[in-house]
Amino acid sequence: MDVLLQQIVNGLVVGSVYALVALGYTMVYGILQLINFAHGEIVMIGGLTSLFAAKGLLAMGAPPLLALLVAILAAMIACAVIGVLIERIAYRPLRNAPRLAPLITAIGVSILLQQLAILVFGRNYFSFPELISKAPIVFGHITVTLNEIVILLTSFGLMAALLWLVHNTKVGTAMRATAENQKVAGLMGIDINKIIAITFAIGSGLGAIAGVMVASNYGQAHYYMGFMLGLKAFTAAVMGGIGNLWGAMVGGLILGLVENVGLIFVRGDYKDIFAFVVLVLVLIFRPQGLIGERVAERA
Amino acid sequence: MNPTLDVKKLQVAYGGIKAIKGIDFHVDEGELVTLIGANGAGKSSTLRALSGLIKPAGGKVTYKGQDITGIPSHALVGLGIALCPEGRGVFARLNVHENLLMGAYARNDKAQILTEVDEIYTMIPRLKERTLQMAGTLSGGEQQMLAIGRAMLAQPKLLMLDEPSMGLAPLMVEKIFEIIRMIAKRGTTILLIEQNAQLALEHANRGYVLESGEITLTGDAKTLLADPRVKAAYLGG
Ligand SMILES: Nc1ncnc2c1ncn2[C@@H]1O[C@H](COP(=O)(O)OP(=O)(O)O)[C@@H](O)[C@H]1O
Ligand SMILES: [Mg+2]
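Residue numbers (the working numbering), protein chains in the order written: chain A, 146 to 444; chain B, 9 to 245.
In case anyone wonders, no lab produced these hints; they're calculated from the structure. Honestly, I wouldn't trust all of these hints.
Partial chain A-side listing against chain B, Cβ under 8 Å, derived [to be verified]:
{"#": "1", "residue": "L307"}
{"#": "2", "residue": "A319"}
{"#": "3", "residue": "Q327"}
{"#": "4", "residue": "K328"}
{"#": "5", "residue": "V329"}
{"#": "6", "residue": "G334"}
As a list, the in silico DSS-like pairs of lysine-lysine whose alpha-carbon atoms are at most 27 Å apart [stated by the list, open to error]:
{"#": "7", "chain 1": "B", "residue 1": "K118", "chain 2": "A", "residue 2": "K339"}
{"#": "8", "chain 1": "B", "residue 1": "K63", "chain 2": "A", "residue 2": "K339"}
{"#": "9", "chain 1": "A", "residue 1": "K328", "chain 2": "B", "residue 2": "K16"}
Model, not experiment: these values are computed from the prediction. In this text, a Cβ means the ideal position worked out from N, Cα and C, and glycines have one as well.
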């Protein structure tokens, strides 16, 4: 029982990070029907950028909290800029091409970003400084760290903020309108290229923060960290119903829970299997995802 | 004085096939002009070319003396041109209120926008009753009303409507035309594209008849209504 509770807590922490990454996949899919396979690499760049920014700031004598905040900001800016550039350079010219073309391009961009990361940062595993305490805090039978609590709260805060933005602001409404019908959105005076760029910037910014979280939680970052994480978050997005914000969040949390609760029964080396078993099961039994709602569209 | 909309030798092609073969027409300020024609005549193609949804293959479009040929559609709204597209094009997963607000996207005068949303609700009470309902769950006629209301929130000087009566029951068509009449009365210049020639000509000042991408007849709406050629081809007798 205690083990189960502990794994649920661990699952929520990991799952909330999956959810943030899954949102990036789902937002882009929602607006362009494109699976941006490079999104995992964005997360990786977020992790590495923040790591080096934080180390640099600490070396200059900055207090850990300031180093963390600046590192997050640096990662977000770097990732948002890269995300927007990818859309502009790689995806936009293919917007009316057959669907396979941008998909293959996305895989190409993903490899390109990995190679760029190797060029800029190298192939090493770098250790992420402990900016928020990772000393165990014991609540009854479960143990958490302050770092984990901050991750969980920040993720939920960001998810709430995103939902608010998408449903209660002009730009958010324009994002939904553009996702539904780009031509008509254009007729409303919406510059859809701008809205798409904003979508990439927001998705990448969330991915950057997820990268910081992963790097800080595991205490390291490396050029390959985005691959498995991206794949899992994509799984989470599909599981929830790709294109659907709630789906990505619920999918991420469920995946984190399944993985960590599953660890009670299976050796740690097999942990990654769960994500893909879940993916296959969802694709077989509920291809539209758990939250695959569709509003009737009558003519 | 310049006409509000002046179209010269407009051509539209899909691949190599010419759908519009160089047509001329104009709409003067305050006029309600209709472009009528059978299914496939090229009515929507004309509107698409006017509204930046496709690039014309040739010709020139002038709005109040300004060349707007091939301008991207999001830039038109700022000039005062709004289009109600064929098939209404409401955002099914946005509610009625959000759809209306999207019509005012290019504007920033929030208080005035909300006042005008209320005006639309007064003019079209059905929308007010459904303000928080997803547009996709509205009936076809309600969606058309929403599409027109949404276009009005752009404060257009020129409103272009593509077959607002399409697929609607006669009673609903009456209601839609009543709304169009009210908008015209308020001074908005209107270009109305219709297959329903009878109704369109009854409401319009002038009309053009489009056949296979060419304008074959033009004139005063009353004259066209009485024209035997129009009667034979479009008015069932
Ligand atoms: N996207 C398209 N691709 C190819 N041909 C088209 C396309 N849209 C319309 N057409 C053709 O252009 C002609 C005019 O169509 P359209 O403008 O939609 O007519 P209308 O609106 O008067 O019914 C038709 O012959 C139609 O088949
Ligand atoms: Mg048509």
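Going through the hints against the structure:
no. : hint              : result
1   : L307              : violated, 17 Å
2   : A319              : holds, 6 Å
3   : Q327              : violated, 10 Å
4   : K328              : holds, 6 Å
5   : V329              : holds, 4 Å
6   : G334              : holds, 3 Å
7   : B:K118 <-> A:K339 : holds, 21 Å
8   : B:K63 <-> A:K339  : holds, 21 Å
9   : A:K328 <-> B:K16  : holds, 25 Å
Violated hints for the displayed structure, listed by number in ascending order: 1, 3.
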